[in-house]
Each structure stands twice: as C-alpha cells, then as structure tokens.
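Q: Taken in order, these protein sequences are the chains called R and H.
The first sequence begins at 35 in my numbering and counts up one residue at a time.
The second sequence begins at 139 in my numbering and counts up one residue at a time.
Hints listed in this document are in silico derivations from the structure and should not be mistaken for laboratory results.
Check the hints yourself; a few may be wrong.
[Said to hold, decoys possible] Covered stretches of chain R, as calculated for chain H (at least 3 residues, CB under 8 Å): (1) 156–165; (2) 169–181; (3) 315–322; (4) 343–350.
[As the list claims (entries may be wrong)] A short, non-exhaustive set of chain R residues, derived as facing chain H with CB atoms under 8 Å: (5) Glu184; (6) Met309; (7) Thr325; (8) Lys326; (9) Tyr327.
Ideal Cβ positions, reconstructed from N, Cα and C, are used throughout, including at glycine.
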Amino acid sequence: MRRRTLIALLAAGASPAALRAQSAKKAIVGFVSWWPPEMASHLEALRGGMRDLGYAEGRDIEFDGHFTSGNRERTQELVQWLVRRNVDVLVVSTTPVAHIAKKATSRIPIVMAPVADPLATGLIASISRPGGNVTGLTSFGPELGDKRLELLREMKQGFRTLAFLGSSADPNGATYFRELQSAAGRQGVRIVAEFVNGPAGIEARIFDGFRKQGAEAVFIQPIFFGHHGKIIPLAVAAGLAVVGQYAQFAEAGGLLAFGFDDLALMRRAAYYVDMILKGASPASLPVEQPTKYLLVINATTARRFGWSIPETLSIRADRIIE
Amino acid sequence: MNPRDAQPEVRATPAVEPADARVRRPLFRKYFLALFAAVVLPLLASGAIEAWFGYRDQRVLLDQRLRLEAQAAASKIQDFLDGIRDQMQWAVQLPWTDGGDERHRFDALRVLRQVPAIVDLALVDGAGKERLKISRVGRDVIGSGLDRAADPAVAGARSARVWHGPVRLNRGSEPYMTLAVAGNRAAVGVAVADINLKLIWDVISAIRVGETGAAFVVDRNGRLVAHPNISLVLRGADDETSARLKALQAAVQSPGGGSITTRNIEGRTVLMAMAPIAGAQWMVFAEQPAAEAYAPISAALWRTGILVLAGAFFATLLAFALARRMSGPIRVLERGVASIGAGQFDHRIRIATGDELERLAARINAMAKELALSQERSERIGRLKRFLSPQVAELVESAGKEDLLGAQKADVVVVFCDLRGFTAFSAKAEPEEIMRVLGEYYDALGAIIMRYAATLTHFSGDGLMVLLNAPVPSPDDPALRAVRMARDMQNAVQGLIAAWAAQGHRLGFGVGLARGIATVGRIGYEGRHDYTAIGRVANLASRLCSAAEDRQILVDQAVATAVSGEIALDAAGTRELKGFGDSVAVYAIAQGRAEPSAALPGPESAR
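In isolation and in its complexed conformation, chain H is listed as follows (with noise of 0.2 Å):
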C-alpha cells in the first residue's frame, strides 16, 4: 500500500506546529547572552582599564602642569611687582641735599607716569623724613619733614631693601598695597608707594591654565587681591569668601603641594595647584575645569561606552543572524520529523547548510526511507504469516523469495484432520463452548504446525489443511517430518478430548497424509491471498482423513514408503475412496509401538 495515497492530508497539515512562542529558552537569546559576552565583558575589560590607567596618567600629568602653570603664574604675578620695584629704583638713587628736591621731584614724577598702579609715591631721606609726597589724584606734598623712619614701610625697606605691604581695601572695595624700595645706600632714603592692586587684572585675566582655567592671586590674610573675575576682587572684605580661600590655601598645601579637586570659589569643580610669591607673601592659585582637565579620561570613557554599544549591536546581529542560521534548519527538520512520525515516509528533508544540520537531516531522511522499507516489509509478513509460520515467513520475506509463492509443481505431503461427532457437538452445544473448544483445539494444532514449519492452507470448522515441503522445502524428508506431526497432533487433541470427555462432549480425532504433486501457489484476490495445494494428492490426503477413525492416522503409499523403516504402520488394506477407485492402499500409523518400526508391512499383508 502507498503511504502517499494514504495519508495526502498530512503535508498540508503537519502535526506539530513550530513551536516558537513555547520555546522557554530560544537559541537567540543564548547566541545573543554569548556572544554579548564574549564581545563586550573584553570591551568593558579594556575600557575601565584605559580609563584608570588614563586617570592614573592624566592625574600626573595634571599635577605637574598644574604646578607649572601655578608657578608660571605666580613668576608674572612676581614680574608685575618687580616691574614697579625696579621703576621705584629710580626714585632712590641720588642722594639728598638740602635743596635738592626738584631733582627728585622729576624722578618721582616720572616714575608716577611709568607705573600707572602706583596712586601715591613719597620719598622718604636717609634720615627718615619725608621730603616728598607725588599724588596722582591728591595733592603733591613738598618737603613735610614728616618724621616716617617708625614707618613699617620705611624700617622694612631699610632694613631688606623692599618690603611689601599687607593688602588693604580702598573705600572698603579696591584692593591696594604699599611697597617700599630703598637705595643702595642709606643716603638715598626710601621710596614709599601706594599701588592700586586692581591693575592686576590685567596680567591675571591674561593667564590661561589650559584653555579655560584661570589663575588668581590671594594675600597672607586670605584675601582675594587677584582674579580675572574683577567683581571677586571688588567684593572686597568678605568673611565667606575669607574662608572660603583659606580652606582652599589649607586644601591644596596639605597635598605637600600637589594638586587637588575641588571647588573654587564660584562653585565649580576644578583642579587647583598653588605656588608661593616669596616678597609678597602672596599665593597663586591656578585652576582648571575638571570637565576639561579629565577630558581625554571622558573621552576614553567615551570611546568605551560607543564600542560597547557597537559590541552590543554587532553582537544582536551576529546572534540573530546564527540563531536564525540554526533555527531555520531546525524548524525544517521539526516540521519534518513530525511529518515522518506521522507516517509520512516518503517526506524528505531537505537542508543544504553544509554543517552537522545537513547530516542530520541526511540521516533522518535515510531513517524515513528505511521505515518505509520496513513497514512495507512487516505488512507483507504479516500477510505471509497468515499461511506460512512465522519462521517460514521470515524466510520468504528476508530472502525476497516471494516468487517462491509463485504457481508451480511441487512434491508435497497434505495433511489433512478433523474432529469426529463435532456436527453433533455443535449442533447442542452453546455457542461459546464451541467456540472455547476450538480455541483449544486450535492452540493445541496451531502450536505443532508452527513448531513444523508447515504452511497452513486453510481451516473451516474443525477442519484444516496443512501442506509440508511447500512453498519453502523442508530441512528434512518431509513425509517422515509429517507423520511426526500428525502424530504430536493427534496425542495433544487426543488429551483435550479426553478433557472434553470429562465435560460430556463426545468428540473425536482424525488425521489423514497423502504425498504427491501438486500445483501450489497463491489463490484469492488482492489483499485476501491463501497459499494452497490444488491436486489429486489433495483430494486423497482429505478422502484419507474423512475414512479415519477417531485417533487414527491414515497415510497413502507414498508416504509409507518414506516413512517404512523410521515409523511403524499397519497396512490397513485397500480401500474404496470417492474419486480413486476402490483399490488405494491405505496405511496408519500404528499406535503405542515403539519407533523404529519393522519394514514396511506391504498391503498385501493387511489384506
């Protein structure tokens, strides 16, 4: 039968769905877990190790530029005040007389002009009086005599040749400073100075610390005398901010003069380094924006962050396009194992990824061919086994023989049994115990036949035919082989029917053999075949049959003539059968003698 003619509905619907949406773990997520991991923990890996090593290295970096920067800063700061000092030199280098004033005047009023910050200029002699007093927006006062060598200013710069002043505030804002300079010798007095500190401003705001950190400039007192910001500055006296850039100066000098984050005093966060200016007295702090300090760090951290981003989407794809390289071939093998399992032999899978994918679907579909090829193999046993025992069909079958089926000539031995009184019994008794009397009767006959490899014909009733030497021949003589399954048959049924005895059925058993040619084969009609003899030795072994009596075995010539020597008979004369005459030698097959028996009685002795 041809599955395909079979089963067409099967390919139009298969039996299992593809079973995405019940998958609990899909291969693409476990691709995408995978490769997300093998692409981006190395990225993260790299990038964090960038990012400290490249802080580790920028923090360095920014610590010496940062003091450089500082000290570059606090050397112009330096240069401003030494600016003026050196003008202030030109002002202490005559000595005094006592009408010499106007010469010092023009000096004064020269140095005035040079130096814009310088508000107020007075010149003290080398006895400590104050000749001259140049004012830029005051008055000029000439020869006070004013008594100053108590003055700081003056003892300081006699004694160290300049002394700076501390940082004081014009009308509470401005921040100015006094300096003084003295002569190389004691003669020539001291220059005393009033400098307007906001003039600063511009060498300050013209400092850079990268490219938007500034610098600024603060006092011993922690005041603010400098910073690009002017309104700091003018703020003047402010606690808050005091504190504030005292906390900074205390910050930054605890680092042993490195440099540290924190935040300035507009409230960003910087990176600060300072540096002392020594005559002054004064700091200089140079600050640079975080945000920028560390920008190559972000942009690392950048970089990183783009790369795990591109490893997640390189990974996605990877994942999706692996996932759907497997599972494509993998819903097609499912779609067609479910469709073989639905016996759909003739499906083929067809799958060319070149991969272990391939051979499987190779191997599945060679599966498929080999079940088809053993279905078809098992559903003609299972029609062999319907004549042949199973032994004898396995052979037919594996050995392709079935030609052996075919119609020939064959020299056969036919038995033939039945039950005796069985009409009768059946004619009174219930149907079930009829037919549970030939269950027995057959278990017992169909176990012996089997046991002979016999090729059962048919059965009716209580009747059967058995054939031996055909389809298939027998190992061994097969009349000699016959008889003894006659005789096994007729002890077993003998032992039911005494069994029946006892139950009130009165029945009996009889078996007759004939040996001859016969024209075997197969005979019915497609899907109901029977193997049978047709021939004389047919009629003759059921014309045997019918004449025995109940436990006899009764054997025409030929089969005497094998048997003679191997199983004792007793001539039981001719007789007169339907159908040949009156003049057939029969024989049975003597009871209770021991084999093997005396030679072959003739019929003549039964006569």
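Pulled out of the complex, with its shape left as it was, chain R reads as follows (with noise of 0.2 Å):
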C-alpha cells in the first residue's frame, strides 16, 4: 500500500497531473497552419496526440489553432497576437508560418509540424541541437525528387517531362525546384516550373501551359496541401498526372504520392509540446527526420493516362488506390 503511494509519488512527477500542480494553469497551444481550414484533421490529430499522452482539453490545454490558406498578412497578425496572448507552445505548419513566428518570438517555443527543411532556409542551426526556440518534426520533402522522378519512369517508358507548381511565397520553392532539378539532370528528364504568390494564382493557364510544353506529369509543391481538391481537376483537364507529397493527393485523383504520413507527424507533434510544457529547451530538443516514407498510387488515374504500375513498384506501394 504505502510502497503504492510512493510509487505513485515517483510516476505523478512526470505525468501531466504533476505538470498542472506546478504550474497551476492551463496550458495554451498556439497553432498556425499555412495551410487552408480543409486540414482541420491536422489540429485533430496533434489535440489527439496530446490526449494520448494524459493531457485533457480545457484541464491541462487548451488549442488556439489557425488554418491561414496561404494568406501571409493573415499569417503575421494571428502570429503576432498568439505571442501577445503569450502561448506556452507555438506549433507551425510549413516553413512560411516558422519563419514568420520565428521573427515575431525569440521566446516561446515553437514546434515545427513539420517543416521541409529547416536547415537550409536558417531555421534551426543543426537538427541535433537546433540551439533556438525553434525545433520540432522536418520532412526533407526536396530530398525525394529523385525517388519521384524514378518511380514516374518506372510507371511509363520513355517520361521525358515534369513539370513543377511551385510557390513564389515559400523559401522552399526554390528549394525544391532545385532538387528536382538536379535529380532531372541525373536521369536525363526535363523540368518546366511555374511559381505562383499563393494558391490564389493557380489557374486552369498555367496547367494548360505545362501541356504545351510537353509535361506529362505535375509535381505540385507540398506547401498547396488542401487545395489539391482544386488544383487535380485542373491538371486532370489539362491532361496532366498529379504527383504529390501527401497520401491525399493520390487520393484526390492525383496519380501518386510519395512522402509521410501527414497525420502521423502531426500526432507526433504532441511529443515536442509535452517535453517542452514539461520543461525542455527546445534549443536541445533535435529536430526529428520522418522515419516512415508512404507511396500511394492511384490505379484508375494510370489507367486514366496510361501509366503501368509494373510489379518492383506494386511491392513497394504501401496503398494502390483501385
């Protein structure tokens, strides 16, 4: 019984019962997505990350969450006024909101959920010691182009062009274009590229222009999550197969995606909350790299378009959507 109390003495200084007893309030957590409000889901999977670790919304936490569809403005006001409430966490997605947030606070931490490469646009110092407030979950996104490359020239003979949706707002467009660019150069594809300020400027135009000039397929920049409802009719009109990072992509009709689990980082975003509500530094918290990569193919649009899914890559599926 007694060696029970003790025990339970021992394990309430981790849990966040203890957390509440110390502090005596509740924490709040501040999110900004770049993203538009139809990842919602995103919100629900880091409150669900928090619950699975002993937190209870409106006891321990409270969610101050924001879905800004790309709007900078926007972005900076309610970042701006989530540092005057003084959150105990900020939580960003995508590299925009980092960078804004990082700028707008030097003191609150700030949780990237995730971010593609926080090393190249300055975000972070090393991923094992980011060594400021910022730290949190990065996809290394631009690393795939390769892998994205291969697979299209796996599904169809003779692919001789890509072309590339990026966005003028995001460091990481050109981050990305880069990479792809150079893993184009290496398998002998070509790379045209259009960059809109935002998801406002995607138009039927520009689909019908990659058409022009000979694309087969459109790479669509992470950072146009959530409007893929809009964009695959587009590029589907256009006669263009859609790849993206995001299992949803595929899902929406595009042809693949290769990437992570969007949801699965955004739970995992719950970890970095809790150590830092816990008390870590985020300065010595490392940044974590995705360890689970997903590849979702869409059969009907490959059929749609002619593309084989010949059988080294119906193994390395992790989903073929019939």
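Hey, can you piece these two chains together into the complex? The hints should help.
A: If you want it as structure tokens, here you go:
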C-alpha cells in the first residue's frame, strides 16, 4: 500500500497532473497552419496526440488553432496575436509560418510540424541541437525528388517532361525546384516550372501551359496541400497526372503521392509540446526526421493516363487505390 | 482537650502546598523515560535489523532481477537485429547469373517492404561486385558493378556470415548501422543494409524494468543507440554524454557484472545492470529508479517510524496514567502527612488503590491515631505529675487506674514540714535571696519525695505536705517509709541550713508525721486539680510539724507504733495540740542513734 503510494508519487513527477499542480494553470498551445481549413484534421491529430500523452483539453491544455490558406498578412497577424496572448508553445505548419513565428518571437518555443528543410532556410542551427527557440519535425521533402522521378519513369517508358508548380511565397519553393532539377538532370528528364504567389494564383492557364510544353505529369509543391481539391481537376482537365507528397493527392485523383503520413507527423508534434511544457528547452530538443515513408498510387488515374504499375512498384507501394 | 476544637484552621490551609512545581524530577518524566526506553528501543532495534537485513536481501534480489532484466532487454534488442538479419537472408538465396538481376531485385524490394528500418539494401555478388542497390528514399542503382570486395561489410560478412558495422550518425543525429549478411554459399553473395536504428525505439520504449525503470543501448564507442527518451539519442555525438556513458559502462563492469547504484544520464539515482549483445558489440543497460527499487525497505523504515511514533505515544499515555495513579495518592498522602504534622491527629488519609500506597496510608492513619493517643496520655501524665512522683504518675496512667484518684477513705501517712525562722528571714532578705533559698530547699526535698514515690499534695511558701500510701499503696510499710523519708529530709535540709547559716541566715527545719484514715481524692477545677487528704490525720501532722523544733521529727502514736522496733524513738510526752485536746502522745525520732532501736518506749516513759 505504502509502496504503491510512493511509486504513484514518483510516477506523478512525470505526469501532466503533476505539471498542472506545478504550474497551476492551463497550458495554451497556439497552432498556425499555412494550409487551408480543409486541413483541420491536422489540428485534430495534434489534439489526439496530446490526449494520448494524458492531457485533458479544457483542464490541462487549450488549443488556439488557425488555418490561413497561404495568406501572409493574416498569418503574420495571427502569429503576433498568439505571441501577445503569450501562448506556452507555438506549433507551426510549413516553412513560411515557421519563419514568421521565429521573427515574431525568440522567447516562445516554436514546434515545426512539419517543415521541409529547416537547415536550408536557417530555422535551426543543426538537427541534433537546434540552438534557438525552434524545434520539431522536418520532412526533408525536397530530397525525395530523385525517387519521385524514378518512380514516374518506371511507370511510363520514355517519360520525358515533368512540370513543377511551386510557391514564390515559400522559400522552400526554390529548394524543391533545385532538388528536382538536379534529379532531372541525373535522370535525363526535363523540368518545366511555374511559381505562383499563393494558392489564389493557381489557374487552368498554368496547367495548359505545362501541357503545351510537353509535360506529362505535374509535381505540386506540398505548400499547396489542402488546395488539391481545386488543383487536381484543373491538372486532369489539362491532361496532366498529378504527383504530390501526401497521400491525399493520390486519393483525390492524382497519380501518385510519395512522402509521409501527415497525420502521423502532426500526432508526433505532441511529443515536442509535451517535452516543452515539462520544461525541456527547444534549443536542446533534436529535430526529428521522418522514419516512415508512404507511397500511394492511384491505379484508376494511372489507367486513364496510360501509366503502368509494374510489379517493382506494387511491391514498394503502401497503398494502391483501385 | 480535643485537637479538632483547638486547631480547626489546619484543615482549611494545609501547612504544605502540593509541591509539583518544586519537584526536580517528576514521576511523569521518569515513567516516560523508562517506558519510552522499554517500548521504543526494542522497536528501533528491530526496525534497524529489519531494514539492514531487508536491504541486504533486497539488494541481492534486485541484483539478480536487474541482471535478468538487462539480459531480457538485450535479447529483445538481439531479436530486433536478428529479425532484420533473417529477412535479409531472403535476398541472399539465389546465385547470381549474368542476367538474373530481376529476381534479386524483387527479393530486395520485399526485404525493404518487410523491414521498415532498412533504408538502403545493396546486393553484392560472389565476386564482390555490387549488382543492385535499392533505396527507400534515394534512387535505385542497378548493375553498377562497383567492386566492393574490399568493403569491410562485405569482407566481414563473407568471413563470419553476419557483420555489424559501427554506429554512425545520419545528419549528425539519427543513429545508423550497416548490417551485412552472407548467403550459405559464396556464389549467392552478400546483402549489405543501412539500418535506421531509430526504429529500435519501438522495442526499447516497450521495455519496462520494474514499474518505472527502463533500458537503453550503448554501442562499443559509448554512443547512445537507443533510449526511451528519443531526444537523448537524436542529440547525436555528444562528448559529455559519451564520457558519462563510458563511465557508467566501466562502473557496471567493475563489480563483476553485478548491479550498481548510480546516476543515470538524466541525472536520476538508479540501480543499473548491464548485459552485452555479442554480435553488434553493444551494451544493454537496465535501470530502475532507486526509490522504486528500495521501496520495500523504505516501507519497512516507514513502518518502523510509525511504530516508534505510536510507541512514544503509547509510552506517554502509559507514563501519564501511571504517574497520575502514583502522584494522585502521593499528593493525598503528602497533604495528609502535612495535616497530621500540623497536629490534626484526627485527619485520616483515604486511598483505595489496593497497593502499597494504600497500606502506607493505613500506616500513617494508624500512626496518627497512636500520636493522638500518646499526646492525650502525655497530657494526662503531665497533669498527674503535678502531684504524683513521675513513676507513680506513669503507673497510674499506664494502668489506666485514674479511678485511683477518686475520692475514698484510705490509711495514709501525712508528712508536714516547714522552715523555722522563715518569716523573719523573708522579711529582711532580698527577693532573689529568698527565692534562691527556697529553690535549694525544694530541690533537696523534691528529690527525696520522688525517691520515696510519695505524693506531694501541696506546697506554699516554706511548708509542704506529702502523702504516703495514697493514691498508690506503698510497697512497704508507709509509716516506716515516711519516717525514713522525713529523716532524709531533715538531714538534707540541715546540710542546707548549715550553709545558709554561713551566709548569715538563721533558719531551722521541723517535720511532723501522722497516720490514720483520711479522705483522699482530687480537688480543684477544670485544668487545675490537686490531690489531697482531708481528715484528722492531716491536721494532726500539721500540728505536729508546728510543734516540732528545729532538727526535730515528731510523730503520732500510730506512726510510732508502726515503726517501733525499726526506728529509735524518744517519747516526747503528751502535748496540747489545737483541736486535739491536751493528751496527744507525741514521739520524736531519735537523732544520731543507730537503728534498730529498742522497743518503742511508751508515752508514759516520756512523761
């Protein structure tokens, strides 16, 4: 009996209940996503992750979540509002928000969930020791360009031209394009690219332009996640197969998605929030790289555009949508 | 006299106050110390013994258990690596042909699919040429023909079937390891895989040592490979952590594989044991928080502590109760003794404890009763001594024969004596001189009266009256006794008279004795009683005294008859005595003649 009490006390040292007793206040988690409100499941995944760690919403923790649909002004206002509100942790999705947040505060810990390449855009000093108030999850999405090209080439003999739709508002647009270009050079593929300043600039005209330049598929920069419902019909209408980073692209009628499980990443972000609420410094919390990769192929789209799914690909694929 | 009436205020204000404040070492403290020692010391001793042996037993148990836990954890990590190795075996089943790469590619892809931890898988043929490299995130390379025969992974796998590479860090953070597996024939070649060791987290975080303990893995270079706190692993090459881990490794190895108590890398005090993983040359540490590991001992100490507290409380209660049981009656005794000491002899101490204290109270009560009796008695004796010689007074008192003092007719001898010429002396002498003379006179007579146990009835001025044979009968013939006493008196006083004469005082001394029946008894009033004899014989003795000249002792016929044959007498003829007519036969005790004298001479002869 006594021993159990003792152990309970010891265990309490690491539980949110003890945290609550120590701080005697609710932790407020600010969440800002560059993606549109269609990605509300991201916030839900973060909430689920916190619940799994023993936090009860309303009692231990409160979420202040926002989706800005790539609107820079609105994003800046929201981040500044959350900084003024003095939230305990700021969870940010995508590189633009991370930069805005880092500029807005050097005091409030910022958790990236996720950011494509925080090293390339100077958000952190190193993966193992971020050094500042920013830590979290990285996708290193641009580095997957080689693999994506290879997969496309396997699906269509004589695949020649890939289009790239990038964002001029996101510093990663350039990173994605650079990586894709060097991969294309290695694999003898041509890249045609178009950059738009925000999702509002995505028009049928662009895809028609791609098609006219001989592109057979288009890779959509992950920053346009959430707008895939608008993008894919436009691309399909132009006769382009869509390639994305997240499974949703394949599910919504794209050809293939190679990247990560976004919801798993959001859920993992809860770990950082938990550690920071327990007093860990973001400067010494290493940034996590993805461990699990996801390949989803839409067989229907493939048939429609005359792409094959060889056995080497079906072995690799985590999911084939029929 | 009744003491109750004499000192009624004693009861109200006892002479001695209850003396708690002044008690130097109260009973309560003594009892408490004794009981505390009796109750708590054995508890402490048994608690200490229990804790010590508990600690030793627990230490042995913990040591064994922790080593088992470490071994179990090590075998789980080993299983993880063996699982990867077994999957990789599928890629080294088929011998290489010139164009048979497709089958191998499928095998490799399947392995990649089965084992998420494998990032890259390269297949090297029997000649040491890389034929195929499948990557999870990078580009696949097919038929590069790269010569990897000298690659330590390939060489190592060829010689030992399985080769574990050193742990390295991807982007300075994630631990990676190269694992190479050779087929059962040289021709099937070698599979070389890059493994992301971050995935061991699933294994290591599932391991529980005790309730909150954990396990972690360290490679041969002191680098953290796996830890439930993934951030510690991802922090990568950290000299400080590495040094700490190496120190831990050395510390755990030094006691011959037993467990040690130390601080872990997170700074908590833990019990730690270690088990090696042979192939990868890793160390698996199992740790349990010391507080949890020693919880049973802590519990025992808590128990002892609580028992000691309870014991102290019990001792206090008991001491308090006992001290009260003792000090209450003692205070009653104290007050009682004070009252009795103040003379309140009828005070009775009431204690009903049934023990020695009650007996003591009974003794004190008995003593008070005795004191009351004895005081009463001594008061009575004091009163008796006013007229009885001490021995007679004691006799009368102790025999309880105070009725002897009652009025009765008795055959008594009355002796009267006084000084001659005292009136003249007292008229001219100084008061001090008179009192000195009288003092010497009575000192001398008083000693003689006491010696003869005679009863002094009264004295006034220089005269006094003494009675024999009343109230207590004389042990021998009272007349003879009286004559002898009178003669002693005469001798003693004559000695004094000679001295007084030398001082110029002319005094003489005469004695008269008579025997007969007289009424004897106490006369007087409350608190001032005398014993006296009334009757003819008293008057006769008085008259005879008056008639006696200096140096002369005159006796009546009855006395003379009684002492004749014993004492020499001279007939002094008949005298005319007031109230007795003129024919009273008087005899004088012969002076200077030896006893026994001749027959009592008849009065006639004196005539």
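Q: The structure should be examined with respect to each hint, and the outcome stated for every one.
A: Results of checking the hints against the structure:
1. Look at the stretch 156–165 of chain R against chain H: 4 of its residues bring a Cβ nearer than 8 Å to a Cβ of that chain, three or more, so the hint holds.
2. Coverage of a stretch by a chain is defined here by at least three residues with a beta carbon nearer than 8 Å to that chain's beta carbons; for the stretch 169–181 of chain R and chain H the count is 4, and the condition holds.
3. Only when three residues or more bring their CB closer than 8 Å to a CB of chain H does the claim for the stretch 315–322 of chain R stand; here the count is 5, and the claim holds.
4. With 4 residues carrying a beta carbon less than 8 Å from a beta carbon of chain H, the stretch 343–350 of chain R meets the three-residue requirement, and the given coverage holds.
5. Hint status for R/Glu184 relative to chain H: holds, with the closest Cβ pair at about 5 Å, below 8 Å.
6. About 7 Å separates the beta-carbon of R/Met309 from the nearest beta-carbon of chain H, less than 8 Å, and the hint is met.
7. With a least beta-carbon distance of about 6 Å to chain H, the hint placing R/Thr325 at the interface is held under the 8 Å criterion.
8. With 8 Å as the threshold, the beta carbon of R/Lys326 comes within range of chain H, its nearest partner Cβ sitting at about 6 Å, so the hint holds.
9. Annotation: R/Tyr327 was flagged as interfacial toward chain H, and the flag holds, the nearest CB pair being 6 Å apart, inside 8 Å.
The structure is consistent with each of the numbered hints, conforming to all of them.
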